[in-house]
Structure formats: C-alpha cells, structure tokens
Amino acid sequence: MARIITKELALKIVDKLEAKPIKSSSKAHDEYLVEEDGIQIAIVSIRRSSQKDIGHDYLKNDLHISPRQAKELGQCPWKRWQYIAFMRERGFLPPLDHE
Amino acid sequence: MNRLREHFGRIDAPDSGIRLHDDEWGDSPEFEEGCAQLDDESYFPEEQKVPGESDWMEILSQALAKTLIRIKEGIQKDSRLNALEERLNELENRLAETVTRDSVVVPITTFAPEPFQVLKEIKAVIQKEDEDEFTATFFDANVNATGCNQVDAIDNLKDLILSRFEFLNAQSPEKLGLGLAKQIAVLREFVARRQ
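Protein chains in written order, with the working numbering: chain A, 1 to 99; chain B, 1 to 195.
Don't take every hint at face value.
[Claimed, not checked] In silico contact screen, one side only, chain B against chain A (beta carbon under 10 Å); selected entries: (1) Phe139; (2) Thr146; (3) Asn149; (4) Gly179.
[Stated by the list, open to error] The list that follows gives simulated cross-link-like pairs (lysine-lysine, DSS-like), each with its CA atoms no further than 25 Å apart: (5) A:Lys71 - A:Lys52; (6) B:Lys66 - A:Lys60; (7) A:Lys60 - B:Lys182; (8) A:Lys20 - B:Lys182; (9) A:Lys52 - A:Lys79; (10) A:Lys27 - B:Lys66; (11) A:Lys12 - A:Lys60; (12) A:Lys27 - B:Lys77; (13) B:Lys128 - A:Lys16; (14) A:Lys23 - B:Lys182; (15) A:Lys79 - A:Lys27; (16) A:Lys20 - B:Lys175; (17) B:Lys128 - A:Lys79; (18) A:Lys71 - A:Lys60; (19) B:Lys128 - A:Lys52; (20) B:Lys123 - A:Lys60; (21) A:Lys23 - B:Lys175; (22) B:Lys66 - B:Lys77; (23) B:Lys128 - A:Lys71; (24) A:Lys60 - B:Lys175; (25) B:Lys123 - B:Lys182; (26) A:Lys52 - A:Lys16; (27) B:Lys123 - A:Lys27.
[Unchecked claim] Output of the computed footprint for chain B on chain A, the stretches with three or more beta carbons under 8 Å from beta carbons of chain B: (28) 58-66; (29) 81-94.
Hints listed in this document are in silico derivations from the structure and should not be mistaken for laboratory results. Just so you know, even glycine gets a beta-carbon here, dropped at the ideal spot from N, CA and C.
With the hints as extra help, turn the sequences into a complete structure.
So, in structure tokens, the structure goes:
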C-alpha cells in the first residue's frame with residue numbers, strides 16, 4: 001500500500017493548522033489540538049518515531065477530511081482558512097454570526 | 001431471266017415431284033403434320049438448372065447475412081470477454097488489496113493495569129499497512145493509532161483511547177466542536193474511570 005500521509009507530511013499539516021500540543025498519556029503518540037475561535041475542532045495524533053516516512057493515513061479521519069484534502073493540506077494548495085471553512089460547511093464548527 | 005422462271009416453274013409443278021414453294025414457313029400441311037410430331041423441348045431444351053445458379057443473388061444475400069451475424073456474434077463475444085477480463089482484473093486488485101490490508105477485528109475487554117474499566121466491549125479493527133506497520137481503529141469513536149505489529153497497534157490504541165477520554169472529559173461541552181463532542185459521547189459509553 002502506498003502511503004499518502006507520511007510523518008513528515010503529517011507534521012506539516014499540524015504546523016499549517018496551527019495545532020497545539022496537548023498533554024497526552026499516550027506512550028507512542030503525540031497529540032495536537034486544532035482550534036478556531038475557542039472551539040476545539042479535532043485532535044491529531046502523530047506517532048513518536050524517528051522514521052520520517054512512517055504512515056499517518058489515518059490523519060484524514062482525525063481531521064474529518066478526505067485523503068486528497070489531507071494531502072493538499074500538507075503540500076500547500078489547501079490553506080488553514082479553507083479547512084476551517086470546510087469544517088463550518090460540514091457542521092463541525094458553528095456558522096459565523098454574519099452567515 | 002425468263003428461262004430461269006421456266007426452269008423453276010417446271011420444278012415447282014405439282015407433278016414434278018419437286019417442291020419449290022414460297023409458302024409461309026409452317027403453312028404447308030406437310031409441315032403442320034411434321035411440326036405436330038416435333039417436341040419443342042428437343043429443339044429448345046430447358047436450360048440445365050445448376051442448383052443455386054438462378055437464385056444466386058438470394059443465396060449470396062443469405063450468406064452475407066449469415067456472415068454478418070457471425071461477425072456480430074464474434075464482436076459481442078469479444079466485448080463480453082473484454083468486460084470479463086476487466087472485471088477479473090478489478091477483482092484481482094481488490095483481492096490483493098484485501099490480502100495486503102489483512103483486516104482483523106480485535107475485541108478490547110480490559111484497560112488493566114490502568115485505572116479504567118471497559119463498560120462495553122470495544123471492537124477495534126486492525127489493518128496491515130505495511131510489513132511492519134499496522135493501524136488500529138476504534139471506528140465508533142474515531143480514534144486511530146499505529147504500531148509495528150498487531151499487539152503494538154492495539155496497545156497504542158488503548159493508550160490513545162484513555163488519553164482522549166481524559167482530555168475531552170475535562171473540557172467544557174461548549175468548547176467542543178461537533179466531532180470531538182461526538183467522540184467523548186461515544187467514549188463515555190465504553191470507558192469509565194475505576195472508582
């Protein structure tokens with residue numbers, strides 16, 4: 001199986017979404033919280049490993065997006081605001097007041 | 001010229017025994033009698049019929065029609081075979097993927113030695129991603145973890161379930177988006193801190 005999201009790409013996604021690390025009791029994974037206007041949208045878990053190409057394809061599930069969107073998020077075409085807008089569209093975030 | 005006429009007149013005379021007549025052909029009673037004995041078909045025999053010669057157009061059209069039908073059937077067979085081949089390839093790929101992914105359902109019945117209890121059996125799905133990479137997923141709560149083998153993946157999933165449960169349990173509900181609110185609601189049905 002070809003990996004879509006490697007650890008390297010997963011960390012880029014975490015950076016792009018400005019996700020913050022949270023206290024995690026997990027021994028094998030670090031967890032990061034994605035927030036917008038004080039609302040917690042998703043928690044992403046990244047495997048603790050030195051291997052940069054280790055698979056993180058499940059990240060799409062953590063973020064409630066498709067594999068393609070996850071890849072685009074890591075590789076640039078998709079921006080943070082687009083992800084947030086998509087979350088609003090899907091109801092994972094409440095609509096903005098003026099909407 | 002007159003001598004010629006005389007000569008022919010003698011020949012043509014009824015008692016001459018020689019008839020030189022200018023009657024219309026077949027008008028003579030002798031000829032009528034002779035003609036009666038004639039078989040038309042012996043003079044004008046019907047053309048010998050070679051089977052298929054007279055209606056060759058029809059036979060050719062039938063042959064062409066049959067050939068066209070056979071060609072059409074051949075094309076249909078070919079396209080059916082192509083479709084079957086395509087379907088077979090698709091199934092082969094699916095089978096290869098299934099074998100590669102090697103999904104297995106593993107029930108989680110305990111969190112020991114952690115101070116948490118399982119309220120309902122958690123059915124985790126382990127999928128093989130690579131030779132040394134497995135993903136364990138608790139689909140209902142959308143918690144995913146990886147490991148270098150099946151046991152490692154399940155251990156990591158248990159850790160992550162508890163970590164997620166503790167973190168989200170401590171958050172005020174109004175701060176949670178739809179996804180995380182659902183996640184903690186499901187986790188509360190399956191996990192509880194031991195008293």
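Hints, verified against the model:
1. Phe139: holds, 9 Å
2. Thr146: holds, 5 Å
3. Asn149: violated, 12 Å
4. Gly179: Status holds, d = 5 Å.
5. A:Lys71 - A:Lys52: holds, 16 Å
6. B:Lys66 - A:Lys60: The hint is violated at about 59 Å.
7. A:Lys60 - B:Lys182: Answer holds: A:Lys60 to B:Lys182 is near 17 Å, not above 25 Å.
8. A:Lys20 - B:Lys182: holds, 21 Å
9. A:Lys52 - A:Lys79: holds, 23 Å
10. A:Lys27 - B:Lys66: violated, 76 Å
11. A:Lys12 - A:Lys60: holds, 14 Å
12. A:Lys27 - B:Lys77: violated, 60 Å
13. B:Lys128 - A:Lys16: violated, 29 Å
14. A:Lys23 - B:Lys182: Given pair A:Lys23, B:Lys182 holds - Cα atoms ~21 Å apart, limit 25 Å.
15. A:Lys79 - A:Lys27: violated, 31 Å
16. A:Lys20 - B:Lys175: holds, 15 Å
17. B:Lys128 - A:Lys79: violated, 31 Å
18. A:Lys71 - A:Lys60: Status holds; Cα separation ~9 Å.
19. B:Lys128 - A:Lys52: holds, 19 Å
20. B:Lys123 - A:Lys60: holds, 21 Å
21. A:Lys23 - B:Lys175: holds, 17 Å
22. B:Lys66 - B:Lys77: Satisfied, since the Cα-Cα distance of roughly 16 Å is no more than 25 Å.
23. B:Lys128 - A:Lys71: Holds, at roughly 21 Å.
24. A:Lys60 - B:Lys175: With a Cα-Cα distance of about 22 Å, the restraint between A:Lys60 and B:Lys175 holds, given a limit of 25 Å.
25. B:Lys123 - B:Lys182: holds, 18 Å
26. A:Lys52 - A:Lys16: holds, 18 Å
27. B:Lys123 - A:Lys27: holds, 21 Å
28. 58-66: Answer holds; 4 residues pass the 8 Å Cβ test.
29. 81-94: Answer holds; 4 residues pass the 8 Å Cβ test.
Of the hints listed earlier, those the structure fails to meet are numbers 3, 6, 10, 12, 13, 15, 17, in rising order.
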